[in-house]
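Residues per chain are reported as follows:
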Amino acid sequence: MTLAAPPRKGHAERAWHALRTDPWTLVALAALAFLAVFVVLPLFELLRQSVIGQESGRFGLENFVTFFESRYFRRALGNSFLVATLGTVLALMIGLPLAFVFARYDFPAKRWIEVAILMSMLSPPFVGAYAWILMFGRSGIVTEAGRSIGLELPTIYGPVGIAIASAFGLYPLVFLVVRGALSRVSATIEEAAASLGRSPFYVVWSVTLPLVIPAVVTSALLVFLGIISDFGTPAILGEGERYPVLATLAFSLYLSEIGAETGMAATTSMILVGLALALVLVARFLATRRLVANDGASSRSPEPLPARTAWVMAAGVAALVLIANMPLFVVVISSFLEVRGVVFQPALTLDNYTKAFGALGNALTNSLIYASVALALTIVAGTALGYYVSRRSGPLARILDLLIMIPYVVPGTVLGIGYAQVFNGPPLFLTGTAGIIAMVYFVRKLPYMMRASSSIVYQIDRNLEDASLNLGVPPGQGFFRIMVPLMRPGVLAGASIAWVEIFNELSASIVLYTGATRTLPIAAYQQSLGGDVGMAAAYATMLIVVTAAALTLFMLASRGQKEKGLGLL
Amino acid sequence: MATSVDGGISAAGAQGPHVRISGLTKRFEAFQALGGIDLDIARGELMTLLGPSGCGKTTLLRTVAGFLRNDGGSISVGGREIDDLAPHKRNFGMVFQSYAIFPHLSVKDNVAYGLKARGVGGKELTSRVMEALASVKLEALAERFPDAMSGGQKQRVGLARAMVIKPELLLMDEPLSNLDAKLRIEMRQEIRLMQKQLGITTLYVTHDQEEAMAISDRVAVMDRGTLQQVAAPEAIYDNPVNAFVTDFIGGCNWFDGQIIALGSGLGLALAGEAPVLLPATAGLTPGQMVRLAMRTEDFTLAGGPDCAISGTVLIRSYLGQRTRLRLRHAAGGEFDVDLPSAPGLPSEREVAHLGFLPGRTRLFAADDGRRLV
Numbered sequence: 001m002t003l004a005a006p007p008r009k010g011h012a013e014r015a016w017h018a019l020r021t022d023p024w025t026l027v028a029l030a031a032l033a034f035l036a037v038f039v040v041l042p043l044f045e046l047l048r049q050s051v052i053g054q055e056s057g058r059f060g061l062e063n064f065v066t067f068f069e070s071r072y073f074r075r076a077l078g079n080s081f082l083v084a085t086l087g088t089v090l091a092l093m094i095g096l097p098l099a100f101v102f103a104r105y106d107f108p109a110k111r112w113i114e115v116a117i118l119m120s121m122l123s124p125p126f127v128g129a130y131a132w133i134l135m136f137g138r139s140g141i142v143t144e145a146g147r148s149i150g151l152e153l154p155t156i157y158g159p160v161g162i163a164i165a166s167a168f169g170l171y172p173l174v175f176l177v178v179r180g181a182l183s184r185v186s187a188t189i190e191e192a193a194a195s196l197g198r199s200p201f202y203v204v205w206s207v208t209l210p211l212v213i214p215a216v217v218t219s220a221l222l223v224f225l226g227i228i229s230d231f232g233t234p235a236i237l238g239e240g241e242r243y244p245v246l247a248t249l250a251f252s253l254y255l256s257e258i259g260a261e262t263g264m265a266a267t268t269s270m271i272l273v274g275l276a277l278a279l280v281l282v283a284r285f286l287a288t289r290r291l292v293a294n295d296g297a298s299s300r301s302p303e304p305l306p307a308r309t310a311w312v313m314a315a316g317v318a319a320l321v322l323i324a325n326m327p328l329f330v331v332v333i334s335s336f337l338e339v340r341g342v343v344f345q346p347a348l349t350l351d352n353y354t355k356a357f358g359a360l361g362n363a364l365t366n367s368l369i370y371a372s373v374a375l376a377l378t379i380v381a382g383t384a385l386g387y388y389v390s391r392r393s394g395p396l397a398r399i400l401d402l403l404i405m406i407p408y409v410v411p412g413t414v415l416g417i418g419y420a421q422v423f424n425g426p427p428l429f430l431t432g433t434a435g436i437i438a439m440v441y442f443v444r445k446l447p448y449m450m451r452a453s454s455s456i457v458y459q460i461d462r463n464l465e466d467a468s469l470n471l472g473v474p475p476g477q478g479f480f481r482i483m484v485p486l487m488r489p490g491v492l493a494g495a496s497i498a499w500v501e502i503f504n505e506l507s508a509s510i511v512l513y514t515g516a517t518r519t520l521p522i523a524a525y526q527q528s529l530g531g532d533v534g535m536a537a538a539y540a541t542m543l544i545v546v547t548a549a550a551l552t553l554f555m556l557a558s559r560g561q562k563e564k565g566l567g568l569l
Numbered sequence: 001m002a003t004s005v006d007g008g009i010s011a012a013g014a015q016g017p018h019v020r021i022s023g024l025t026k027r028f029e030a031f032q033a034l035g036g037i038d039l040d041i042a043r044g045e046l047m048t049l050l051g052p053s054g055c056g057k058t059t060l061l062r063t064v065a066g067f068l069r070n071d072g073g074s075i076s077v078g079g080r081e082i083d084d085l086a087p088h089k090r091n092f093g094m095v096f097q098s099y100a101i102f103p104h105l106s107v108k109d110n111v112a113y114g115l116k117a118r119g120v121g122g123k124e125l126t127s128r129v130m131e132a133l134a135s136v137k138l139e140a141l142a143e144r145f146p147d148a149m150s151g152g153q154k155q156r157v158g159l160a161r162a163m164v165i166k167p168e169l170l171l172m173d174e175p176l177s178n179l180d181a182k183l184r185i186e187m188r189q190e191i192r193l194m195q196k197q198l199g200i201t202t203l204y205v206t207h208d209q210e211e212a213m214a215i216s217d218r219v220a221v222m223d224r225g226t227l228q229q230v231a232a233p234e235a236i237y238d239n240p241v242n243a244f245v246t247d248f249i250g251g252c253n254w255f256d257g258q259i260i261a262l263g264s265g266l267g268l269a270l271a272g273e274a275p276v277l278l279p280a281t282a283g284l285t286p287g288q289m290v291r292l293a294m295r296t297e298d299f300t301l302a303g304g305p306d307c308a309i310s311g312t313v314l315i316r317s318y319l320g321q322r323t324r325l326r327l328r329h330a331a332g333g334e335f336d337v338d339l340p341s342a343p344g345l346p347s348e349r350e351v352a353h354l355g356f357l358p359g360r361t362r363l364f365a366a367d368d369g370r371r372l373v
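For the record, the sequence lines run as chains S and D. Under the numbering used here, the first residue of the first sequence carries the number 1, and numbering increases by one thereafter. Under the numbering used here, the first residue of the second sequence carries the number 1, and numbering increases by one thereafter.
If you only want the chain D side, here are some residues facing chain S, beta carbon under 7 angstroms, derived:
#	residue
1	F67
2	P87
3	H88
4	F96
5	S98
6	A100
7	Y113
8	A117
Residues from chain D that keep clear of chain S, each with C-beta distances beyond 12 angstroms, as calculated:
#	residue
9	R184
10	M187
11	A214
12	N253
13	A261
14	G272
15	L314
16	R316
17	T323
18	R326
19	A331
These aren't lab readings, by the way, just hints derived from the structure by calculation. Don't be surprised by glycine CBs; every beta carbon is placed ideally from N, CA and C.
With these hints in hand, go ahead and build the complete structure from the sequences.
Pasting the structure below:
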């Protein structure tokens, strides 16, 4: 049986048809235009600058040659690798045992410890770094204590300190990814291996481990990416120029080039982006090759332990998590301590807050306004685009998905530099405005929001929308009456994480702020970088408090939502 | 145009069919999902689309619903073409395999959803919703949320929600596939009863041939995007038009054979067997290669000249009124035979001699599977 193919329609005609039958196409086209300006253009500009020779002004790889010929630049690259490698190994050492213990055993206070683990992910990274200085810095609490008994502790500044601080901030990523994979390993697979006469240890070694290795590698790559993209931690613990990494190097090159040099900041940025991109590609490659470890039968559920073992395990896990959360406590407590010179005294005071508020200016209100505007945009756009990319196929949806995810890979400092280059003149003169900071917040966190909302859309039965249409409700109305209420819990969860990250954003806004648009994280960062230690602690505490308060609000808002399932069987 | 035809299935005369699908085609990229479907459904008729997965039955249903746009051909309902009509303007009720009950709305609000879109409110809304819930015996659960309900209850909500809008056409997409066997039989009787009472024209999709047989006025058997046969259940079973329909409906044993001249007439020669004389031979020519389809219940025990086929009994299973034998044919291959349970049936490892019940030998062309006799 052969049938004539339907007459091929022209592109224009097809596009017109798509517009006419699906109003979402309009939303997608608007998003595409926006992303072209606020994602593609800044990065393209950096790419352009990186291939225009700084000395000769000619097109070519001159800047890259300069980069790799310079010992200083090479050192920054090497430092980035060293710090990221060390930090990743440490994060794995903390995260893997936790993941295994949580996936396999039940023990007291498990839920609370889990909350604590997630908490350590939610505190802004450079606040953690600053806390390590408060403890182990030149005049740190522990350092002073050691000195008083004649013990000189190794310095926290430099690669080891950066790696430690980063690892304690990022190990929850390892924990989450690997625990998820471990609990998906079907119990029957292990039982099958055990029934073939293998010892429990050998079963884990020969069956379980190979099945979760892709997850371990994926989480390691994410941690690595997180560390090389981070600006605050290496800036504080590397003391800027003294221990440069790529992110801080790009930033200081950008600052100095406002006068003379152009191109090297762009070149460094491109090298950083290339590195990040390579990591993500490797992670994606591994994800597509992931072994199917679940036959759908029974996934593994944790087993109870004998009481004594369980308590010992709980204590061990709790101690580890407590250490990881130590920075939070240290920062909050020291903000209430008297400061003499650069040393905290064992006396309570509110002086730090008096001084901090005195020098605060607009920082807090700026932060609240920019972050709120950005969050509102993120929620609306993330919901709409998450829906679009998960419910539509075709080139437009694929391109959008790709473009939205770019800022997930591009380090904040790089995006910030790109914005500063592109939007400092007509037609879009945004440099120095509040708008540019809200915009960079929005663009950077859109990927998270879109992922959160699209993953919930995937879980919603497609037929619900068809049912709504079929019952006579037009598509637009149906979206608001069916999809929006069902997506709300997932969107709220995504929004709470987005809020934490937006409110504490430093690496892009540090490039883009001016005196009038200074934000709270910038104020905290400036004070912790050789400013007043007491004020730094006070600002950091304010960050923590606002973050925690907002999270509580989100939790209250989503508590009213009764879980009603998503219409799946 | 509101028609007030008191139809019934026989009203297809002067008024024309309620639903007319003609030359309908649909292609997904390189895959031809529907290859020119022509189908008429009479007013009040329950038409079932039956076929294996991927045969295009759901595509056809979703095209009628308006969720998919046909590439060619057209669909008209009550004489009016609906190809360009948006799905939410078609006024068809649909019942889904996954139930598609709105999880954030109570049972009552689920049923009211379509009515509200039609501007029904106040007392009328309440009374129509409760009436619809009563018809599916769910009045007591009106305030419940779907997550606390069983699959059967959810599907009743789905049915009430589709019926309450008084749809022009009821579309059902494997509505019972996710229910357990017992509930499935119960529900299909309820659906059939309600459909007949309301006289609502229904297009029903299933892959379960027993369900199709039990519920339908007519069955349209589909394969690879085309209709194979459209007829009443008995006709489909007794008189399948080709090898696919024969095999799909009821299942059967297949034997390869050849038509030969035998005495004054024509005979069928199966490998390893003495040829048997064929009573009806129109359309056959000697030398023709054929396939013989025999349903399991179309055999008798027969000795001597009546024996058409024999085989060694591998397994004998007692199934109550009948006993099933699995046999190995002398020429290789295995086949199943159902015989009325009685003393004297051959035991395992014995050779059974079987005859064909008269009029039950169905011959198909070996090359294209078309029905010969």
